[in-house]
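There are 2 protein chains.
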Amino acid sequence: MNTDKKELRVNAIKNGTVIDHIPSEDLFKVIKILGLQNIKNTMTLGNNLESKTQGSKAIIKISELFFKDDDINRIALAAPNAKLNIIKNYEVVEKRQVEVPDTIIGIAQCVNPKCITNHEAVQTHFIVVDKKNIELRCQYCEKITTRKNLRLQ
Amino acid sequence: MNTDKKELRVNAIKNGTVIDHIPSEDLFKVIKILGLQNIKNTMTLGNNLESKTQGSKAIIKISELFFKDDDINRIALAAPNAKLNIIKNYEVVEKRQVEVPDTIIGIAQCVNPKCITNHEAVQTHFIVVDKKNIELRCQYCEKITTRKNLRLQ
Numbered sequence: 001m002n003t004d005k006k007e008l009r010v011n012a013i014k015n016g017t018v019i020d021h022i023p024s025e026d027l028f029k030v031i032k033i034l035g036l037q038n039i040k041n042t043m044t045l046g047n048n049l050e051s052k053t054q055g056s057k058a059i060i061k062i063s064e065l066f067f068k069d070d071d072i073n074r075i076a077l078a079a080p081n082a083k084l085n086i087i088k089n090y091e092v093v094e095k096r097q098v099e100v101p102d103t104i105i106g107i108a109q110c111v112n113p114k115c116i117t118n119h120e121a122v123q124t125h126f127i128v129v130d131k132k133n134i135e136l137r138c139q140y141c142e143k144i145t146t147r148k149n150l151r152l153q
Numbered sequence: 001m002n003t004d005k006k007e008l009r010v011n012a013i014k015n016g017t018v019i020d021h022i023p024s025e026d027l028f029k030v031i032k033i034l035g036l037q038n039i040k041n042t043m044t045l046g047n048n049l050e051s052k053t054q055g056s057k058a059i060i061k062i063s064e065l066f067f068k069d070d071d072i073n074r075i076a077l078a079a080p081n082a083k084l085n086i087i088k089n090y091e092v093v094e095k096r097q098v099e100v101p102d103t104i105i106g107i108a109q110c111v112n113p114k115c116i117t118n119h120e121a122v123q124t125h126f127i128v129v130d131k132k133n134i135e136l137r138c139q140y141c142e143k144i145t146t147r148k149n150l151r152l153q
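Line order of the protein sequences matches chains A and B. 1 is the number of the first residue of the first sequence in our numbering; add one for each residue after it. 1 is the number of the first residue of the second sequence in our numbering; add one for each residue after it.
Misleading hints may appear alongside valid ones.
Pairs count within a copy or across copies, as identical chains cannot be separated in the list.
Listed below are the simulated DSS-like cross-link pairs for lysine-lysine, each with C-alpha atoms no more than 30 Å apart in a straight line [to be verified]:
no., residue 1, residue 2
1, 131, 40
2, 40, 52
3, 132, 40
4, 29, 83
5, 131, 114
6, 88, 68
7, 131, 68
8, 148, 131
9, 83, 52
10, 40, 143
11, 148, 114
12, 95, 14
13, 148, 14
14, 95, 40
15, 52, 95
In case anyone wonders, no lab produced these hints; they're calculated from the structure.
Same shape as in the complex, but just chain A (with noise of 0.2 Å):
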């Protein structure tokens, strides 16, 4: 796409990871998985940007880092046809996209305000029931949580 073409172009990085395609709402919960908020490397986010095929995106770029497939699947929860690019010395050396993993431990919260997860030091486990949409059971209450209500912990 052009649009990205020029972004891109106008903020090169030299090594690092450009995450793209991001939905605009679900940019700063991304931020909140990745940790963002408390990493010293160079980064540029982008929000509300044009985007041809979902209308409003997000992209993030940052120098230096580069994530664990552990990390890149969580993001799964926010944005899960976000689309990864590696950047070695200004080129695009690998291509990834989010897999959404079987089950999320951690990270999200039980929707269900009963959901002893809510109450004690339990840390939440959820099976993937809908990797698509995104709709998570809860292995203690059995509550679904979807990808709209979903809270980060």
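Go by the hints and put chain B onto chain A.
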């Protein structure tokens, strides 16, 4: 500064506001104070950028948004040295500095865990007793909340 000029050039916005010289560790506080998570305007955020005057800084650029004095001055809690450039038709038409207000109502939490504002539905109310370093004296319990231990509501 050359660094700033280069950034403004490559990321130029047509109309809007650039907030510069935000301390890197306080970018997300400024975002929260201004409620930028919830607005639909196109924005670019840079963090951990090189700064000749403060080591490391953050910058916020928002299209088609112009803040009121009150909003600007609330930023002072997190970024007392922030500078704003108001952009119209790609030109800086006005430069503004954050002015630390005399009182802060709401926004900040009192650092004292026993303060009534942390237990009942009472809006916080602080007198700014040190404008340079940002020190807030609670009107209810008289304890001092500083910029370093500031938590937002």
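Quick rundown of the hints versus the structure:
no., hint, in the structure
1, 131 / 40, "between (33 Å within a copy, 28 Å between copies)"
2, 40 / 52, "between (32 Å within a copy, 17 Å between copies)"
3, 132 / 40, "between (33 Å within a copy, 25 Å between copies)"
4, 29 / 83, "both (16 Å within a copy, 28 Å between copies)"
5, 131 / 114, "within (25 Å within a copy, 45 Å between copies)"
6, 88 / 68, "within (16 Å within a copy, 42 Å between copies)"
7, 131 / 68, "within (20 Å within a copy, 43 Å between copies)"
8, 148 / 131, "within (14 Å within a copy, 41 Å between copies)"
9, 83 / 52, "within (15 Å within a copy, 34 Å between copies)"
10, 40 / 143, "neither (38 Å within a copy, 32 Å between copies)"
11, 148 / 114, "within (19 Å within a copy, 36 Å between copies)"
12, 95 / 14, "within (16 Å within a copy, 32 Å between copies)"
13, 148 / 14, "neither (35 Å within a copy, 33 Å between copies)"
14, 95 / 40, "both (24 Å within a copy, 28 Å between copies)"
15, 52 / 95, "within (19 Å within a copy, 35 Å between copies)"
When each numbered hint is compared with the structure, violations occur for hints 10 and 13.
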